[in-house]
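The lines below spell out each chain.
Protein chains: 2
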Amino acid sequence: MGKIIQCVPNFSEGRNKAKLELILDEIRSVEGAKLLDYSMDKDHNRSVVTFIGSPDAVLEAAFRATSKASQLIDMSGHQGEHPRMGATDVIPLIPISEVTMEECVVLSRKLGDRIGRDLGISVYLYEKSASSPNRENLADIRKGQYEGMREKLKSEGWAPDFGPTDLNIKSGVTAIGARMPLVAYNINLGTDNLEIAKKIAKAIRGKTGGFTYCKALGIEIAERNIVQVSINMIDYTKTPLFRVFDTVEREARRYGVNITGSEIIGLVPMEALIDVADYYLRLENFHKGQILEKRMAE
Amino acid sequence: MGKIIQCVPNFSEGRNKAKLELILDEIRSVEGAKLLDYSMDKDHNRSVVTFIGSPDAVLEAAFRATSKASQLIDMSGHQGEHPRMGATDVIPLIPISEVTMEECVVLSRKLGDRIGRDLGISVYLYEKSASSPNRENLADIRKGQYEGMREKLKSEGWAPDFGPTDLNIKSGVTAIGARMPLVAYNINLGTDNLEIAKKIAKAIRGKTGGFTYCKALGIEIAERNIVQVSINMIDYTKTPLFRVFDTVEREARRYGVNITGSEIIGLVPMEALIDVADYYLRLENFHKGQILEKRMAE
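For the protein sequence lines, the chains are A and B, in the order given. For the first sequence, position 298 (counting from the first letter as 1) is numbered 298 according to my numbering, and the numbering increases by one without interruption. For the second sequence, position 66 (counting from the first letter as 1) is numbered 364 according to my numbering, and the numbering increases by one without interruption.
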């Protein structure tokens with residue numbers, strides 16, 4: 001498969017399909033980049049786009065899309081429910097195959113430098129690319145939103161990593177950062193008791209003492225008359241799916257409840273599932289080079 | 299990943315490395331074919347070669363290798379412990395990715411036709427490609443070995459599927475057939491009691507009433523002071539790894555014995571492991587298009 005990274009940019013345009021299509025065309029125009037998915041949200045006035053490809057192709061596609069978005073989207077008139085600070089609001093770079101996080105950090109800096117220099121847009125590096133701990137969390141960077149950025153860019157400790165300290169009025173500010181792929185993973189319980197789902201979510205959630213790289217909520221699935229532990233696995237290499245599944249199963253047992261099934265929403269890196277097989281089969285000395293498809297791609 | 303098939307030809311030369319290298323060079327010379335592995339056995343005087351690639355590339359590489367083997371190997375002087383009937387003894391074609399078994403059967407006929415016609419070698423189709431039930435099993439086809447082929451080719455019911463009914467003295471006969479990928483899978487038990495491994499092997503083995511697509515033996519691993527159920531999974535899509543693992547675990551429990559681990563020997567198709575994850579996580583509505591690497595390759 002070679003080196004593959006994933007990019008999930010968010011654009012502050014969720015209502016005008018024609019405009020989004022022009023941005024998507026920029027991604028489609030790059031050989032080696034492959035558009036996988038996009039979704040527009042009218043209330044948020046925001047679109048989430050997913051594409052993958054070789055590192056070079058992804059950087060080029062991200063740059064072209066950001067450039068096009070800076071032409072088409074005017075932040076000075078932007079309204080929408082979701083917090084935002086730029087036409088291209090955030091560009092996460094995600095290692096998928098044969099790429100390290102460190103490489104993605106280097107790539108994010110390269111992209112930030114180019115966007116800052118060529119497009120005159122201020123860039124903050126976030127997550128694994130952050131230049132200081134207070135910039136790791138995207139919410140902290142975006143605090144104040146577009147309207148507060150003119151001041152923020154010049155305030156102490158908030159000089160941009162790339163680009164001008166004077167706000168680009170039309171395009172705002174873009175956050176760029178390397179992060180782990182996120183796996184959206186839900187576990188369904190054989191009960192309609194929401195309290196049980198909430199208690200289990202609390203038990204596995206990193207913030208409340210559970211697994212560090214696990215976010216979880218208990219929710220109702222009314223049409224199926226069951227409840228669900230809705231999970232975001234934010235680093236499956238450190239908090240693996242099987243450990244969360246097994247823990248939810250044990251916790252549910254306390255209440256006499258069974259897991260009826262689980263769901264992976266959207267895309268998942270192959271490795272996250274291979275790790276599950278490795279665990280349950282108690283594999284000894286298994287390495288991923290034994291997977292035919294991997295070997296073929298080497 | 300596109301269409302990928304695997305080919306595991308066996309050549310009747312296991313002593314002369316230079317000759318084998320010339321055969322391997324033929325495979326290496328085909329763009330889109332990738333040599334993954336080979337092993338020579340002196341006692342058997344036989345080599346097993348593994349390569350993969352697109353259907354066209356694999357057919358071309360198999361043909362070129364067979365052609366070279368017919369020049370370099372003289373069966374009229376061949377000696378070795380393993381049963382054999384031709385310079386290129388057998389050519390299995392194995393669907394790996396986005397290829398059906400039916401497509402592999404068609405390919406095996408195409409390859410057989412070309413080898414019969416251009417190289418003047420008699421070809422029997424076997425396994426899923428067999429032209430009659432008594433030709434499915436390779437051992438039945440090879441019965442009589444090289445020395446008996448002159449007569450066999452002309453005997454009732456044994457006319458070759460392709461090529462001459464007069465034996466090619468130098469090259470002998472080649473079997474070609476489509477078959478499922480084989481997964482070599484061993485399960486280790488926390489005991490040194492060989493009888494337990496043998497009993498469990500008997501319980502899961504298709505021939506003795508177990509799983510249809512499972513071959514199994516109980517063996518001793520002397521250096522680790524344990525016993526092992528050594529398994530060939532001959533169709534993991536119909537007899538999946540997780541079912542065999544779970545059954546071995548339950549059977550072992552009867553004897554108060556635990557599984558200490560399992561091993562996959564050599565290569566394994568990604569799908570065989572994804573199916574394991576799917577089972578243990580009780581995934582609902584999962585489809586393989588959700589795997590990023592698959593999606594990337596589409």
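By construction, these hints were calculated from the structure, which means they are not laboratory data. Among these hints, one or two may not hold up.
Unchecked claim - Negatives, chain B to chain A, calculated, CB over 10 Å: (1) I350; (2) G378; (3) E400; (4) N435; (5) K505; (6) P567.
Unchecked claim - A partial selection of chain A residues facing chain B, derived with a Cβ cut-off under 7 Å: (7) I96; (8) G116; (9) L119; (10) I169; (11) Y213; (12) L273; (13) A277; (14) L281; (15) L292; (16) E293; (17) M296.
What the hints assert, rightly or not - Taking beta-carbon pairs under 7 Å as the criterion, some of the chain A residues facing chain B (in silico): (18) V48; (19) R243; (20) F245; (21) D246; (22) V257; (23) G261; (24) E263; (25) I264; (26) P269; (27) I274; (28) F286; (29) H287.
Quick reminder that beta carbons are idealized off the backbone N, C-alpha and C, glycines included.
Checked hints:
no., hint, in the structure
1, I350, "violated (5 Å)"
2, G378, "holds (29 Å)"
3, E400, "holds (20 Å)"
4, N435, "holds (25 Å)"
5, K505, "holds (24 Å)"
6, P567, "violated (5 Å)"
7, I96, "holds (6 Å)"
8, G116, "violated (29 Å)"
9, L119, "violated (28 Å)"
10, I169, "violated (37 Å)"
11, Y213, "violated (17 Å)"
12, L273, "holds (4 Å)"
13, A277, "holds (4 Å)"
14, L281, "holds (5 Å)"
15, L292, "holds (5 Å)"
16, E293, "holds (5 Å)"
17, M296, "holds (5 Å)"
18, V48, "violated (16 Å)"
19, R243, "violated (12 Å)"
20, F245, "holds (6 Å)"
21, D246, "violated (9 Å)"
22, V257, "violated (14 Å)"
23, G261, "holds (4 Å)"
24, E263, "holds (5 Å)"
25, I264, "holds (6 Å)"
26, P269, "holds (5 Å)"
27, I274, "holds (5 Å)"
28, F286, "holds (6 Å)"
29, H287, "violated (10 Å)"
Consistency note: the structure conflicts with the earlier hints numbered 1, 6, 8, 9, 10, 11, 18, 19, 21, 22, 29.
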